[in-house]
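Trainee: Full structure from sequences and hints, please.
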Amino acid sequence: MKIKNKVTLGFLAVILLSVAVAVISIYELTEIAKPLKGGIFKSAKTVAETEHLNNLADSIRYYDEVLTQSARNYSFTQDKKWKERYKKAEPELEAVIKEVIDLGDEKDKTLFRSVDAANRALVEMENRSIELVDKGKPQEAVKVLESREYWSEKEVYEKGLGDYLGRKELTRREAVEGARKTLDLAIKSADKIKKFGVGFIVIFTGVAFIIAVGISVVISRSITSSIAKLMKTAEKVGKGDLDAKAPVDSKDEIADLSRQFNKMTENFKISTSSLDKLSKEIAERSRMAQALRISEDKYRTLFELSGDAIMTVDPEKGFLSGNPATIKMFECKDEREFISKTPWEFSPEYQPDGRLSNIKARDMMEIALEKGSNFFEWKHKRLKGEEFFATVLLTRIELGGKKILQATVRDITNEKRLQERIAQGAKEWESTFNSISDLISVHDKDFRVVRVNKAFAEAFGVKPEEVIGKHCYEIVHGTKSPWVTCPQKKALGTKEAVVEEFFEPRVGKYIEVSAWPILDKKGEINGIIHVIKDITQRKQVETKLAEAMETKSQFISMVSHELRTPLTGIKEGISIVLDGSAGEVNKDQKEFLDLAKRNVDRLSRLINDVLDYQKLEAGKMVFSLKENDVNLLVDEVIRIMSPVAKSKNLYIEAHIAEGLPNAIFDKDKITQVLINLVNNAIKFTDAGGIVISASQEGESILFSVKDTGLGIKKEDISKLFKGFSQLEAGRERKKGSTGLGLAISQKIVKEHKGEIWVESEPGKGSDFKFRMPIKAKYKVMVIDDSKEILDTCRDFLTKEGYNIVCFERGLDAIKTVGKDRPDIVLLDMRLKDINGYEIIGRLRSNSDTSALPILVMSGYPEELIKIEDKREDSALTSIGKPFDLKDLLVKMRILLKQAA
Amino acid sequence: MSKKILVVDDEPDILRVVVFRLKKMGYEVFSATTGKEAFSLIKEQKPDLMLLDFRLPDTDGIEISKWVRKDEELKNTPIILISASSGPDILALVKEATVNEYVSKPFDPDDLLAKIQKYF
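Keeping their order, the protein sequence lines are chains A and B.
Going by my numbering, the letters in the first sequence line up with residues 6 to 905, in that order.
Going by my numbering, the letters in the second sequence line up with residues 11 to 130, in that order.
The calculated lysine-lysine pairs, modelled on DSS-like cross-linking and capped at a C-alpha distance of 30 Å, are: (1) A/LYS595 to B/LYS115; (2) A/LYS285 to A/LYS241; (3) B/LYS33 to A/LYS595; (4) B/LYS33 to A/LYS592; (5) B/LYS13 to A/LYS592; (6) A/LYS544 to A/LYS459; (7) B/LYS13 to B/LYS115; (8) B/LYS34 to B/LYS125; (9) B/LYS13 to A/LYS595; (10) A/LYS718 to B/LYS46; (11) B/LYS115 to B/LYS85; (12) A/LYS197 to A/LYS47.
Simulated from the structure, these hints should not be mistaken for lab results.
Mentor: Given below as structure tokens:
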């Protein structure tokens, strides 16, 4: 279609659309207005009619009134004017009634006929009265007008009129209501029209506009799109695409143009295609050449700089090239030398698998040629003879149509060495693991076995590889869940090694089980090393040792006591002879008796020392801790030792710090310590003297016994305080000492929670020092529900220098045990609130009190046996009630000593 | 001429008792409490018999006897070792030192005298 036609068609369509819109709006408006027109007229008419009829009724009433009054007045007055008025009004009334009947509807008519009839009757009677008046019979006339007939007609008449009026009023109301409704409707319609008018005009005008626009777009597009297509084609052609064709899809002038354009392009294409082909070819060739140059450069760089030895080899002719790394690896002078060698010259005669190198190498190359590549390990040899391991990657490449191989060789000597070392390490570990006689298993954190050693496998009658992945408790305990006291459970929680000892009745052995967590870098548990150790022998030795110690202790104690008896006899015998009671003693006799007595005394001293030492060691020495004055103590020592010092011409002095407080200690024992020290000092001092000093040092008292004697060699100091050791030293023996003095002193000081040591310089003298707390009181917690026992213990133990806290209820005691920090607990087993076992359990489960000495006091033998059975708890012992307070003290002391 | 006996012991009481008894028996007795004194007396007096205490402050009886056995002039002098210790180790030492007799403390005086008289 021609463009002109297209545009015309568009205009026509728009005009048509506008007309359609106009028609539709008129029609719609008329439709809405229709009900309005009739309604308003009709109601207006009804109202007017009704109004008229009402007026007529009023007229009737009026005329009726005029007639009735005129008739009556005439009959009474006989005045002619009333007759005239009557006659004038009568036709008026008749006319009105007639009008009503004419105008009214059927009902009005019916109603009014009775009114009309009554009116006629009334008129007739009134006319009669007028006639009678005229005849001169006014009384007669009045009679007519007041007759019953007249009034009944009057009534009918009135009633008819009333009914009519009522009806008319109703009709009027209806009419008014109808009119009002019609009016409302009219208002609504007006509204509707207004709305419709606006909406319709907006919508329809909009739609019409859109349609109009749509039409114009379609038309313009149909024109412009073909132009655009043509233009695009032209552009393509301009850029050199001679294959581009303009579409010919319409029948307008543009289609003609496109056809012409296509033809032109075709011609142009034919003339240019040959030239184009040529230039394309040239571009492609230059691009390829450049790419080749780049890749060659890349390859060259890689080849030259690579740390790996890269070489090319012709399977028939030998090496073709080798990079610097190759030259270096095989220790050649340069590439020329490398190429001059055959591949076999760089290998030992045989490979590790025993094959000849040259045969195997050929095979390897065959494989590479066939498959494209081959990767393998090879033992190489440098030119100077050193052999090394390498990996070789042979890759088939084509060069000038010939298949050759590129070899990449990497020296793996270090890797190989590392591998061997790892393998060796693993082997050593394995052998070590399996040679350990303890039963070792490694578990993951879910108790699954990762590996076990030989001892483990043998002990449980399994093969090491069989148990991997199984739960350890299935193998060890034959249970479906971890053992109640499994240390591994604890270790998983604490992440620390857990070691436990117990007696395993199933095998009759003492077992030590330990679980050692394996932590990863983050500190999380990776697994567990579980070690089961048979410690039966150790336990037996321990037991035997303890028994032996006990036997020794008893033996020494017994022997010493036994020695005392004959000794007493000897001593007394000598004394009797010596004091002359058995006869006179001469000079020589006296000399030897004195000698004998001296030696007997020495023996007694020795026995006493041995016994003291033994008692102290067994913790059976009873100490009487009381408050003492340090000044008095030192004075006493000076008094005892002065004569001894004087006999050697030595001075002895006391230096006591002023204001030294009284301290709690066993006076006899500390005196013994000081005398021991002073005795030693005197023995080893030939000139000068001894100074005893005492001073306060914090919460402790420091004693010092300083001499100007021989001094002690450094290496001897450590032996000094060991029991009996001094007996071995000749020098000591000469002085007639037991050698136990220092050992005993040390034990006594330790019993006072103190310490003893020596500072000495050979040739200048020694300074023996000891320090002990001013209030070395042990704190004793007594738990018993008997007040009597509590009081007894408190009195006795306080006197013995202990601090006492008493509890009647176990729970109270447990609550304060952390605060009170007692050194020992005396526990009654049957309390009112909780039993003694529970208290023991709670104390033992707390790390602060897990080793707190507990002395159980019970009057029930079965309980005592139970407690004594708990051998593994060395800080627990018992005493039967009733007990001797001295025995209690001994038991307490033993416990306290063990705990220290 | 009475025989010369040297007694060496670091315990004065023991020394006193032994010396007293030997003198009563008519021997010429020298005594020493240390090794040093003993050596000088041996050289000086050349005793006919020696009673040596095993343990001395500066040396011991074994050392003295070894020294005596090396001396040409004295090597045959009878030596009796006295010791408070007894036991196999001492006996071995006795053999090694080739002392003639061994007496352990406390000794019986008659036994000691019998052993001395054996050499005279």
